[in-house]
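Trainee: If you want the building blocks of each chain, they are given just below.
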Amino acid sequence: MDEREIIRLLLARDEAGAEALSRRFSPLMRYIIAPILSDARDREECLNDALLLVWQKIDAYDEGRGSFTAWLTALTRNAALTRARKLRRAAETSDFSETEEEALPETAPEEAVLAAERRRILLDAVASLPKSERDLFWRKYYYCQPTEQIAAEVGLTVRAAEGRLYRIRKKLRKRLGGELE
Amino acid sequence: MTDRNRADERFDEALISSLADESLPPEEAVRAANPSRRAVRCVLIGLSLCGITLKIGWLPYLLPAAGHLLSLLGLRALSRENGWFGTAYGCAWGRAAYFWSWLILLNLPGGAETAETGLWKALSVVYGVLLLIEVFALGRGLSAVRRASGLDASVPAALGLFVWHAVVFVLAVIAPNFTGGTLLVVLFLGSYVMLLRALFSAAAEFEEAEYAIRTAPVRVSDRSLAAAMLIVLAAGLTVTGILCARLPMNWQPLTARSPEAEDAVRELEDLGIPQTVLDDLTEDDLLACRGAERAVVKVSEEESPDGGVIRFTNIGLRMPEDGGEGISCRVILRFEWIEAPRVRGTDCIHLWERGGRDEDCIRGEVGGRLLVDRDGTTYSADYAFLGRQLLSGGVTSFFFSSFTEEAAEIVGEFSPDRQGRRMRGYVSYALTVPEGRNVSEWYNYTHQISRFVYPRTTALSHQRPSSAWVGDRTFRSFYSALQFTP
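Chains as they are written, first to last, in this note's numbering: chain P, 31 to 211; chain V, 12 to 497.
So here's chain P without its partners, still in its complex pose:
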């Protein structure tokens, strides 16, 4: 079943769409979750959460803003990051709630504008990097992949990958001029 058909079924609240989504996109979603959550059970639970979120939020998907894969990627990554934060907090407070939404600190509108501006400046700086370095950047800082995984997948030794990431960090620091620090 192709992507368009899966979206159509999901929008029509047809469970066949959910099944097809799981069959076709689970490998991608597992791949995104794996570097963020180390425990296998957490990863499976996160995958189920993410699939449920897709089912619930499919109406929010806007084809004009990006591909379905990009939307699914963002949704899965954010689900994994949220779960990782909860796990960290639970480890600190010995309390983990499955259902409660994480109580995020209130963000002042002014701070939100500043964060958006910082993000724009960062993306401009990333855009000025060569393609091979941009690929490493996204893997490291968006997908939170460990250096060992990045190295294996791009055909580098771990040491070489570390060296490249160091150079990327150095370039970004220079281009951002202390904007993030």
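None of these hints come from the bench; they were simulated from the model.
Some hints here could point you the wrong way.
Derived Cβ-Cβ restraints for the label pairs, each shown as a range [said to hold, decoys possible]:
{"#": "1", "chain 1": "V", "residue 1": "Leu207", "chain 2": "P", "residue 2": "Trp85", "range": "32 to 42 Å"}
{"#": "2", "chain 1": "P", "residue 1": "Glu93", "chain 2": "V", "residue 2": "Val181", "range": "47 to 57 Å"}
{"#": "3", "chain 1": "P", "residue 1": "Trp85", "chain 2": "V", "residue 2": "Val181", "range": "44 to 54 Å"}
{"#": "4", "chain 1": "P", "residue 1": "Ala90", "chain 2": "V", "residue 2": "Gly161", "range": "21 to 31 Å"}
{"#": "5", "chain 1": "P", "residue 1": "Leu83", "chain 2": "V", "residue 2": "Val137", "range": "46 to 56 Å"}
{"#": "6", "chain 1": "P", "residue 1": "Asp92", "chain 2": "V", "residue 2": "Val181", "range": "47 to 57 Å"}
{"#": "7", "chain 1": "V", "residue 1": "Arg91", "chain 2": "P", "residue 2": "Leu83", "range": "29 to 39 Å"}
{"#": "8", "chain 1": "V", "residue 1": "Glu24", "chain 2": "P", "residue 2": "Glu93", "range": "29 to 39 Å"}
Below, a sample of chain V positions facing chain P; criterion: calculated Cβ distance under 7 Å [unchecked claim]:
{"#": "9", "residue": "Leu26"}
{"#": "10", "residue": "Ile27"}
{"#": "11", "residue": "Ser29"}
{"#": "12", "residue": "Val41"}
{"#": "13", "residue": "Pro46"}
{"#": "14", "residue": "Pro228"}
Taking lysine to any residue pairs in the SDA-like style, the calculated list, with each CA pair at most 25 Å apart, reads [as the list claims (entries may be wrong)]:
{"#": "15", "chain 1": "P", "residue 1": "Lys161", "chain 2": "V", "residue 2": "Ser28"}
{"#": "16", "chain 1": "P", "residue 1": "Lys201", "chain 2": "V", "residue 2": "Glu38"}
{"#": "17", "chain 1": "V", "residue 1": "Lys309", "chain 2": "V", "residue 2": "Ile349"}
{"#": "18", "chain 1": "P", "residue 1": "Lys87", "chain 2": "V", "residue 2": "Pro37"}
{"#": "19", "chain 1": "P", "residue 1": "Lys116", "chain 2": "V", "residue 2": "Ser28"}
{"#": "20", "chain 1": "P", "residue 1": "Lys200", "chain 2": "V", "residue 2": "Leu30"}
{"#": "21", "chain 1": "P", "residue 1": "Lys201", "chain 2": "V", "residue 2": "Ala31"}
{"#": "22", "chain 1": "P", "residue 1": "Lys161", "chain 2": "V", "residue 2": "Ser232"}
{"#": "23", "chain 1": "P", "residue 1": "Lys201", "chain 2": "V", "residue 2": "Ser29"}
Ideal Cβ placement from N, Cα and C applies to all residues, glycine included.
Let chain P serve as the given structure and place chain V on it in line with the hints.
Mentor: Then chain V, alone, in the frame of chain P:
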């Protein structure tokens, strides 16, 4: 933890948190994070480069070389995923080793001919079998990945890829020189299209499973491995290029002639043969010319693209009647580089005995030698080869249509001395011409004009029809003729 490490960690956290909002990632970020797409593309592009070869320039060598490298790098990354991919990786190493050796073999004199015989022929079959196993294992490996990730395990495109390679392999084994002309060209172009379709379809089958494939960590980066393999190849080509670029020649100082030969020189001088020519003839050739009744001398000059000027002095001698049928003559075809060429690789002289020209003339044994002046001394050497040789044609084609020619003709092959001046030589033979016929001896002198010739081709092997396109930038042939009424 040092201050620097702490600062790096803080910066890393700042970068991650700057990207932690819910807006969509750029498409390039989505494409970038993929465990196996890069490896799979390498494998499929590698297979296509090995499968589709055009006999144009160095493309039959460059494209498969790149293809073997890409296949190897791609399969290296996939090899840990399952045993099938591991098997394919092993086969890729075997194929690359054969192909690298074959590329180096082609840089040896006669390498192209060696590659078609004996052990190399057997190895080429092994290569084909390895390729089949590799493609089969690739399909099985993909099927296993799809099954493990809950997808449909059938991989029809991968099967199609295997079938295509199997058909080409069987054709190559049972009919390596099959001549089918235009029909075969059309068939193969069609099969190339089928191959590309199978590759694209296989890519789609891989794409569905690509997130489920684990790539293997590497101790040597792809770039380093590729560089190492290219260095090995370059070293092999350089060593064979240096050691085997020239034919072995045995230059010896010229020795004094006997009084009998000196008499012959005087006799021939009286007939108008230039002293420079007579100085070069061997004693046997001088004595064979004794008694000549008349001489015809034709001189011409040609410029070579590598800066040399060559002078041809063609001499025909009418010899006394020997009681046999026809008119007895003697022919001396001499060349001399009056301005030295820059390239001194291999040269050859090749007499045309076919093509309907005086085929009923009878030519005797061929004699001759080479001479050069160095440090005030004249040195002489025999040709590396002088005599009749079967110039047999192999396959000559743009794609696959071919023809075959065979003929034994008079050829002389040698490597000019590296430093000497006035590099020169000649061939001489007896000629019996039917009554009422003119002598018409045509030949070409082929000179190497490029230092880099690949595959290794000597001036003589350049005379043969060949499947390899060498082009006019490596050798230049000068045509010369001796025509006279005996």
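Trainee: State for each hint whether it applies.
Mentor: Against the structure, the hints come out as follows:
| no. | hint | in the structure |
| --- | --- | --- |
| 1 | Leu207(V) x Trp85(P): 32 to 42 Å | 39 Å, holds |
| 2 | Glu93(P) x Val181(V): 47 to 57 Å | 49 Å, holds |
| 3 | Trp85(P) x Val181(V): 44 to 54 Å | 52 Å, holds |
| 4 | Ala90(P) x Gly161(V): 21 to 31 Å | 27 Å, holds |
| 5 | Leu83(P) x Val137(V): 46 to 56 Å | 54 Å, holds |
| 6 | Asp92(P) x Val181(V): 47 to 57 Å | 54 Å, holds |
| 7 | Arg91(V) x Leu83(P): 29 to 39 Å | 32 Å, holds |
| 8 | Glu24(V) x Glu93(P): 29 to 39 Å | 33 Å, holds |
| 9 | Leu26 | 4 Å, holds |
| 10 | Ile27 | 5 Å, holds |
| 11 | Ser29 | 5 Å, holds |
| 12 | Val41 | 5 Å, holds |
| 13 | Pro46 | 5 Å, holds |
| 14 | Pro228 | 4 Å, holds |
| 15 | Lys161(P) x Ser28(V) | 22 Å, holds |
| 16 | Lys201(P) x Glu38(V) | 23 Å, holds |
| 17 | Lys309(V) x Ile349(V) | 16 Å, holds |
| 18 | Lys87(P) x Pro37(V) | 20 Å, holds |
| 19 | Lys116(P) x Ser28(V) | 16 Å, holds |
| 20 | Lys200(P) x Leu30(V) | 18 Å, holds |
| 21 | Lys201(P) x Ala31(V) | 21 Å, holds |
| 22 | Lys161(P) x Ser232(V) | 18 Å, holds |
| 23 | Lys201(P) x Ser29(V) | 17 Å, holds |
When the structure is compared with the earlier hints, no violation turns up for any of them.
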